[in-house]
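Colleague: Sequence:
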Amino acid sequence: MFRKDSVQWALNYVGLGGSAEEEQQSNSAVRALPSNWYTSEEMYSLERRAIFSRKWQLITHKVRLGQPGDWLKFDIAGFQFILVKDRQGNINGFHNICRHRAFPVIQPGSDSGCAKIFSCKYHGWSYGLNGRLAKAPGYQDTQDFDKSKNGLLPIHVRVDHVGFVWVNLDAKEVPEVPWEADFDGIDKQERYKDFNFDDYIFDHTWQMDGDYNWKILADNYNECYHCATTHPDIPAVANLDSYDVTTKFCQIIHDPATTEEQRKKGLIIASTYYFPNVSTNITPHFFMIQRFVPHGPTRSTMSYQVFRNKNSSEEDFQLVNNIYKRVMSEDKYLCDQAQKNLNAGVFINGEMHPKMEKGPLYFQKTIRETVTEHHAREQKAKGEIWPAKQRLPETKSGLGSQKDIDFCNGLKCENQPREELAW
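The numbering used here puts the first residue of the sequence shown at 181, with every later residue one more than the last.
These are computed hints drawn from the structure, not numbers from a lab.
What follows is a list of derived Cβ distance ranges for each label pair: (1) Lys428 - Ala556: 19 to 25 angstroms; (2) Gln582 - Arg557: 17 to 23 angstroms; (3) Arg571 - Glu360: 23 to 29 angstroms; (4) Ile528 - Gln268: 51 to 57 angstroms; (5) Pro248 - Ala524: 50 to 56 angstroms.
Don't be surprised by glycine CBs; every beta carbon is placed ideally from N, CA and C.
Required output: the full structure, derived from the provided sequences and hints.
Modeller: This is how it looks when you write it as structure tokens:
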């Protein structure tokens, strides 16, 4: 039988413990985002443009890329990309797209591995760990083919102070949104002094797929108003009345208000949500990276990467591992059922509590501001803006491709009634 303080530590691990007194700005209920923001194909497409191809996103920890050639494959809202450690020790990122005919360089079925070179299985083009084109069979006989301009399409990578790996898919040489604009200082939180990140090793991944919008997962994670009624073993050991979060920039920092006695025993937790879709839960025994990965307006994956402290016992590790998986499974059920009613066409939205649902309200505010700002830019440009899209060279062939693109876009507009044109 586990002691109560051990269970409390486990609950703190998942962000469900007690917390500091709320600094409440308003005592008025606030209307949530309407249901069509959770079901609309058009909204999902806008999120792909405004958020997932433009904003910095925490992806993994550098410990998963320990040796030269180690690679990981990820997906963000349909954007597939690779992270790989090269022979110089750099972590590079590339879209999982061969530059020849768009076949994936890493095929479905494997999400990690080690390679000396990446070889496309379609026509045999191969690339080094730095993304440079190494071989294009037959192209040595062609004129004006420049290997240096046909490497894998790069993405921006940043490794922060504690080893978390971030990416930005913006195709510009310098991302339009600086990392510091949203996350400056997030990797140097005072509470991180309680942890030695060099002591953690990768343990395993797991995931749950469901028919829900990714934002409903974020709404659910960032409040514990539901905990007393939906997580049966929590109320007896957690002070849910004092649960709190701190919000700023693109961060929602969860405060479990660990007591001094618990801290002395090492029962401490640091939980942070990073807009748009990632959270970390860090304890002395292990930490987790949780990613809410959208695949469409009503399909998402809850994806988890688990790291254990190499100095911790198996009992300490499994205690929280098992509780967390149970709580997340309960949350999956909540999101599954709520999404069904969002899809049904009856419910529009409800009033959210300004204190107990402070986290999801801040998340929804950030979503609203981000997508409406991008949409305004698109209206001004009279067309969709896809920050992650490949930049064509300013050459004769590149200009010819742009002409073809413009022709096809013109057909789309010609086939719509004038009153339905988006621009």
